[in-house]
Structures are given as C-alpha cells and as structure tokens.
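As a plain string of letters, each chain reads:
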Amino acid sequence: MTAEVKEQRGIKTQEYFVNMGPQHPSTHGVLRLVLELDGEIIQRVEPHIGYIHRSIEKMCEKDSYRQIVHLTDRMDYLSANMNNEAVCLAVESALEIEVPDRVKVIRTIIAELTRLASHQLWWGVMGMDLGALTAFLYGFRDREMINDIFEETCGARLTMNYNVPGGLMFDIHPNFQRRVKEFIAHFKTKIPEYDQLLSDNVIFRERTEGIGILSKEDAISYGATGPTGRASGFSCDVRKHHPYSAYDRVEFKEILMEKGDSFARYKARILEMWESLHIIEQLIDNIPEGEYQAPTKAVIKLPKGEFYQRVETARGELGVYVVSEGSKSPYRLKFRSPGFSNLFTIDHMARGYKIADLVAMMSTIDLVIPDIDR
Amino acid sequence: MDNQALNDLITDVFPTAEIITEDTQFLNAIIHPDLLRDVACFLKDDDRTKFDFMFCLTCVDYPEHMMMVYHLRSTGLEHEMVLKVKIEDRERAEVETVSDLWRTAEYLEREVYDLFGVRFTNHPDLRRLLLTDDWEGYPLRKDYEDPVNMISL
Numbered sequence: 001m002t003a004e005v006k007e008q009r010g011i012k013t014q015e016y017f018v019n020m021g022p023q024h025p026s027t028h029g030v031l032r033l034v035l036e037l038d039g040e041i042i043q044r045v046e047p048h049i050g051y052i053h054r055s056i057e058k059m060c061e062k063d064s065y066r067q068i069v070h071l072t073d074r075m076d077y078l079s080a081n082m083n084n085e086a087v088c089l090a091v092e093s094a095l096e097i098e099v100p101d102r103v104k105v106i107r108t109i110i111a112e113l114t115r116l117a118s119h120q121l122w123w124g125v126m127g128m129d130l131g132a133l134t135a136f137l138y139g140f141r142d143r144e145m146i147n148d149i150f151e152e153t154c155g156a157r158l159t160m161n162y163n164v165p166g167g168l169m170f171d172i173h174p175n176f177q178r179r180v181k182e183f184i185a186h187f188k189t190k191i192p193e194y195d196q197l198l199s200d201n202v203i204f205r206e207r208t209e210g211i212g213i214l215s216k217e218d219a220i221s222y223g224a225t226g227p228t229g230r231a232s233g234f235s236c237d238v239r240k241h242h243p244y245s246a247y248d249r250v251e252f253k254e255i256l257m258e259k260g261d262s263f264a265r266y267k268a269r270i271l272e273m274w275e276s277l278h279i280i281e282q283l284i285d286n287i288p289e290g291e292y293q294a295p296t297k298a299v300i301k302l303p304k305g306e307f308y309q310r311v312e313t314a315r316g317e318l319g320v321y322v323v324s325e326g327s328k329s330p331y332r333l334k335f336r337s338p339g340f341s342n343l344f345t346i347d348h349m350a351r352g353y354k355i356a357d358l359v360a361m362m363s364t365i366d367l368v369i370p371d372i373d374r
Numbered sequence: 001m002d003n004q005a006l007n008d009l010i011t012d013v014f015p016t017a018e019i020i021t022e023d024t025q026f027l028n029a030i031i032h033p034d035l036l037r038d039v040a041c042f043l044k045d046d047d048r049t050k051f052d053f054m055f056c057l058t059c060v061d062y063p064e065h066m067m068m069v070y071h072l073r074s075t076g077l078e079h080e081m082v083l084k085v086k087i088e089d090r091e092r093a094e095v096e097t098v099s100d101l102w103r104t105a106e107y108l109e110r111e112v113y114d115l116f117g118v119r120f121t122n123h124p125d126l127r128r129l130l131l132t133d134d135w136e137g138y139p140l141r142k143d144y145e146d147p148v149n150m151i152s153l
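Chains as they are written, first to last, in my numbering: chain A, 1 to 374; chain B, 1 to 153.
Same shape as in the complex, but just chain A (with noise of 0.2 Å):
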C-alpha cells in the first residue's frame, strides 16, 4: 500500500515475512526466499540456497580430469554441453592440445543447439509462470525435436557428455546435419508463432515491461552475465570477447538491450535464438572432414600452474578455475557459475514490486538451481 494511501485513511501496517520455497513452482528447483513484505509490496527478497549442494568442487579435488566433465552436467542440466566444453577446452589450452577443425565446428553447432533447447525450455515455464499453459506445451514440443538429435548422436538426452578432453566421444551420426537442417526450418516457422503468444501479448507485456529494472552499472556490479546482463546493456557475451571452438569463424550479433526491465530480458533471450539458428546454418554444411579427437594421454596430467577457462553458457559465462599441481587432479577447481551471479540481483531489482511481479523477474534471469548450489 502507497504511503499516501496509508496517511489519507489512518491505516497501519506491519511488515511481515512471507517463505516462498524451497517448494514453489516458480523458484524452479529447491530455492527458498524469504520475503520481507509491507502489505504486497516487497521490500526485501533473501535467498537461502544450498538445498541440493553436492560439493561438486570438493569432488573434483579427487577425480581425474575426464572424471569431472561428467560432473559438470550435472550443475546447469541445460547447458550440459558447455559446461563439458569448458572442462574439455581448459585442460586442451593448459596441455596445448590442438583439436581438429572438425571437433571445433561440430562443438559450436552442439552448443547452439543447446542454447536453443535451454531456451526453448525457458520460453514455455516463462508461460507457465505466469499462467499461460499454452506456451509450455509449444516449447516442449520444439525442444524435443533437438533432444532426439542428440539422442542419436550421443545415446543422451540430458547429460550428455558428448564433449571428453581432446576432442568429441563419438563422430557425428550420418543422419545429423540432415535433421539439423529440418529442425532449422521447422523452428524458423516457430519463433514468430512464439511472439504471438507471448511478445504480443498485451497482459504479458503489462506484467513485464518497467518491471525489475536493473541499471548497466548493477549489473556489472553484480556480475550478472548472459542475457540477464546483456538485457541491461552491459556487454559481456564470451563469444565475443574471448571466442573459443569457432566462433571466431562465423558471424553473429551480440544482442544488447537498454532497458534492464523484464520485458528486455525476455526479449534479448527471443533474439539471441534466432542468432543461434544463424550460427548453426553458417556452419551445418561446412563441418571439415577430419579425426573426431586429438590423441591425448589415457591419464592426463595439467602442468603445474593456474588456469581459467570461461565459455558462454545459456545463463551466461561458466567459468573454470584450475590450480594444479601437476598431477592427475586439480589441487583445487572453482566454477564461477552464472547462475549464482545472476540469482543475487533479485533482491536489488524485486524491492517495490509484488509477489506477482517477482514471478515474472525469477522466470527472466533463467535460474537453474544446481548451477547455483553446485
């Protein structure tokens, strides 16, 4: 209730605290925040995390480095491949392996692609979220004409690990760039169809746009990356800096918005899928002939030293951080995860709205939970 309201009829009210999760169809996965509420508007958002805490970063001090690629699925499900990419091309740069032309490309194309289903994925819960059924079903349908070319690339849907140290674990299946090619033009038809369910849907648009505005400066402050930064103006794409596998050989728009609103972080997401489907085609029918993997050690051993390997993930730059001693694990290995950037911004941006505003600004930063836990 506005202060003017309050004065003009002499009522008084008393924050109190409202928890929204750990269970909580919107939180998407274990998260529990703590509200701190003034009638319905909130005045401060405190997230509790560490529900599903592994201490993945504990495991790896004693697995070998192919050991832990798999471990990385396993943080944000829906980047799978680029968080085995990142494992894979930190301990390739610490060894200087060089990975054929063929594996550079064929992991561009993997990672887009999972870029699309992550958020295809989003795209429908964002529906849900905010009550429309229709639009989940819609991106159920799409991404699964992208899981089952991975299923038939790699016998995975999920957890992939398509990616190992050196190079892919298996060469692509004949019928891959085949139906690549379909699902592009299928879903070429589909983003439009998107946007006329929700981009240009008046009610959807009320409940999101000049809603959850975060500032360029916070964002960099916060260290929000991924198309929750880039909603806000605030250049941080990982391609585009730091390219790695092959996107220094293909063309593609880094999308920037200004507003920082929820509506900007919704839209910079439905661009950068068409940007994705750009990539894919650039390279689809120019994947080199070649080895699918480099020849590497069967116990691979990192020089003594530190590195730091960051990729682009759906969510934003995934960053590895290896101290080796030289043997065959890494003396201690942290995952600057983009989730958990992203997730603390809540509170800055939540304070002043309602409940039901808060709905929309979790579905537009695109939280994955294990990404945050870790």
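I should point out that these hints are in silico values taken from the structure, not numbers from a laboratory. Because the structure is a prediction, the values reported are computed rather than measured. Among these hints, one or two may not hold up.
[What the hints assert, rightly or not] Which chain B residues face chain A? A few, computed with CB under 10 Å, are given here:
1) Val13
2) His32
3) His65
4) Leu115
5) Leu130
6) Tyr144
[To be verified] Below, simulated EDC-like cross-link-like pairs (lysine to aspartate or glutamate); rule was C-alpha separation at most 16 Å, straight line:
7) Lys354/A / Glu36/A
8) Lys50/B / Glu217/A
9) Lys58/A / Asp146/B
10) Lys44/B / Glu78/B
Heads up, the beta-carbon is just placed ideally off N, CA and C, and yes, glycines get one too.
Place chain B on chain A using the hints.
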C-alpha cells in the same frame, strides 16, 4: 592497458606488491591482507585501471597459507588481472570485505566463509550460505575430515 603498463603502475603505487607475469594467463598481484582495502579501492576507482567487473572470487588452501583470489576485469578498458591476498595465519584467517565495491562479492565472500572459514571484517551479513548453520568445520580446507559424509573411492 597491457600487462607491462599495469605492472609498472601497480609497483609504482604499491611497492610491496609482488607481481607475477611469467607463465601466467593474467597478471598476478600478490599483496598483504592489510593492503587489500587500499589496493581494491585504487583498482576499482582509478581512471587508468577501472576494474569494475569481478568475474570470480575464491580461495585456495595451501599447506602453509591461504590465498584469496579475485579475478578482475575492466569492461571499459578491456584489461584483466588477478589480485591475490596471502593469508599467513590459517587459524585466524581474516581479510576485509570488498562487497561494497563489487556487489557480487557479498555472496561469494559468504561462500568462502562457509567453505574455507575466512572471516571478512565489515561484511554486512557474514553467515553460512550453502551449509546448515550448525555445520562444524570448513569442508574445502585440505585438513577437513568428515568420516560420516565423505566417501573415498
């Protein structure tokens, strides 16, 4: 600013800082905990450095000491460096907070406190983050033992 220029600037302003550029990805500056506040303010606010984006904050537990590691990047000037704080006293590990300079540090410091037991003075809300409040010990320290929950293969 390239690594050489950064090196010159930092040694000029903080002569006690130990700078490492050989065989490293980024320029490394190792400083004493007492200096952290001054160095951090300088790196963030000076027009020549302007490190406004902290993209990683963590800690490493070495046998003899603990090392706080801050990865910094300037979004305007596009240069990067690593600031390290060497903490000699493992039992009473303490450094000052930088959460008012880089907001992302507030929760990353809580994570480090939770898992390494480094205390951050002047931190607005220093509590455990991932583990329960009554957890004993700091799991990411190398000497941590937990016979119940730790599985060795």
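Status of the hints after comparison with the structure:
no.	hint	verdict
1	Val13	violated, 23 Å
2	His32	violated, 20 Å
3	His65	violated, 13 Å
4	Leu115	holds, 8 Å
5	Leu130	holds, 4 Å
6	Tyr144	holds, 8 Å
7	Lys354/A / Glu36/A	holds, 11 Å
8	Lys50/B / Glu217/A	holds, 13 Å
9	Lys58/A / Asp146/B	holds, 12 Å
10	Lys44/B / Glu78/B	holds, 13 Å
Hint compliance for this structure: hints 1, 2, 3 are broken, all remaining hints hold.
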